[in-house]
Amino acid sequence: MKIDQSKPCVIYMKGKSEATRDDTDIGLEFRQESYFFYLTGIDEPNFQVIIDIQEDKIYLIAPSDISNEDDVIWKGPKINMTELLERYDVDEILAESEISQLLAKLNPTTVYVLKNKTQYINAFNLISSGNLRFDIDNQQLLRAMDEARLTKFQWEIEMIRQAAQGSSEAHVALMKQCQPGMTEAHLAALFRWSCALNGIYKQAYLPIVASGPRASILHHAPRYDQHIPTNSLVLVDAGGEKLCYGSDITRTFPVQGVFSTEARVVYSIVLKMQKVVLSRLKPGVYWEDMQQLAIEVLCKELVRIGILVGDINLLIEQNVPCAFYYHGLGHTLGLDVHDVGGKDTLSDNPQFLLGRPLETNMVLTVEPGLYFNDSMLSIWTEYPGYQDFFNMDVLDQYRSIGGVRIEDTVVITQDGYENLTKAPKEIDEIEAIMKKYTPTC
Numbered sequence: 017m018k019i020d021q022s023k024p025c026v027i028y029m030k031g032k033s034e035a036t037r038d039d040t041d042i043g044l045e046f047r048q049e050s051y052f053f054y055l056t057g058i059d060e061p062n063f064q065v066i067i068d069i070q071e072d073k074i075y076l077i078a079p080s081d082i083s084n085e086d087d088v089i090w091k092g093p094k095i096n097m098t099e100l101l102e103r104y105d106v107d108e109i110l111a112e113s114e115i116s117q118l119l120a121k122l123n124p125t126t127v128y129v130l131k132n133k134t135q136y137i138n139a140f141n142l143i144s145s146g147n148l149r150f151d152i153d154n155q156q157l158l159r160a161m162d163e164a165r166l167t168k169f170q171w172e173i174e175m176i177r178q179a180a181q182g183s184s185e186a187h188v189a190l191m192k193q194c195q196p197g198m199t200e201a202h203l204a205a206l207f208r209w210s211c212a213l214n215g216i217y218k219q220a221y222l223p224i225v226a227s228g229p230r231a232s233i234l235h236h237a238p239r240y241d242q243h244i245p246t247n248s249l250v251l252v253d254a255g256g257e258k259l260c261y262g263s264d265i266t267r268t269f270p271v272q273g274v275f276s277t278e279a280r281v282v283y284s285i286v287l288k289m290q291k292v293v294l295s296r297l298k299p300g301v302y303w304e305d306m307q308q309l310a311i312e313v314l315c316k317e318l319v320r321i322g323i324l325v326g327d328i329n330l331l332i333e334q335n336v337p338c339a340f341y342y343h344g345l346g347h348t349l350g351l352d353v354h355d356v357g358g359k360d361t362l363s364d365n366p367q368f369l370l371g372r373p374l375e376t377n378m379v380l381t382v383e384p385g386l387y388f389n390d391s392m393l394s395i396w397t398e399y400p401g402y403q404d405f406f407n408m409d410v411l412d413q414y415r416s417i418g419g420v421r422i423e424d425t426v427v428i429t430q431d432g433y434e435n436l437t438k439a440p441k442e443i444d445e446i447e448a449i450m451k452k453y454t455p456t457c
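Quick note: to get this note's numbering, add 16 to the position in the sequence shown (first position is 1).
If you're looking for bench data, these hints aren't it; they were derived computationally from the structure. Possibly wrong hints are sitting among the right ones.
[Stated by the list, open to error] Cut-off 25 Å, straight-line C-alpha distance, at most; resulting in silico cross-link-like pairs (SDA-like, lysine to any residue): (1) K192 <-> K131; (2) K32 <-> K131; (3) K131 <-> N247; (4) K73 <-> G215; (5) K73 <-> T40; (6) K192 <-> G215; (7) K438 <-> G326.
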């Protein structure tokens, strides 16, 4: 941030409010807004913070109901001001009614807020309520925090490591328990339960459990009435979070414990894509180059097994592999699953979520896939001039596979990477786990 230190200025930020389910007085599961958590470490609702940049002082604004005695009956004792001061290591604790008085005393020329409507309105209301005069800057703070969050401190990496470890154990539990006829919702519930047994009590996102043809739907939502077909693959994209830091892991495995011939071929291609990319990871590498590398591996393999026909360079030039692989290779990961700071501009690109060179202590996912989605395949195979690129007889042999994705959470090190994901992904490892375990639920 470019700040004139000779002039008083402050950062203002409001945390997430507590929400309740419709027509109840029971709160929904709370999860703090990520920027506020990064700045304060507070994972409780209804807090605000003002930071005096010139004097390097932090003022924590406690919720208005912090001293509501009636709440003790329903929610238990509230933390007092002294405990708040010690817990969050701030300079002063203030009541919400004291904000205008504090700003009048600090008399800032500029208040820095995040670039979103809610934060801006809150800051504007502060001006109105206290008859104050200051500029509101909603640009610099966002850029500065995005840049800061891009690379992780060691304690942040440790939180992600713990989340990935507990989530890896949950993925193994699903491999052990999965049986034909189970519902996808059953496996999703089992994942949450297994995470909790390993100390991971919140999910970084809703689990994706997709079996058979549904595995070609990237964000398929598991349903209680969707049963896992016999002889199908099950794709599970799920990860828990620890202290608001998430993990993102995908494993694909055969419901009956043994990969079919076609499933083994498809799975091996995706695993090769991931391994080739992982072998190149180090600081300075451009993610766009890794995406292209994965596509090249995929295209060569699809030609090798006979699904695609033609010159590999021409197939890639015409984007033909996109018929089978239609998402980005990965993204940054941290307080948000698709974490901030991955681009050198604020422009949005739906496919490339990481548009700058890799740096030490960046955490990211590597998640190649290969899918046989009927809707997508119809678009490509019926497009004028593209029919000759596809051998439909061979393609149809693999269509029932649905899809395979393999996703790991990794951290970039000084000379390479560390894989934080411990769930097995080799075919022999998966089959061995599923063979020696008898489901109990």
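Notebook entry, point to check: Looking at the structure, which of the earlier hints fail to hold?
Noted result: Checked against the structure, the hints that fail are numbers 1, 3, 4, 5, 7, while the rest are satisfied.
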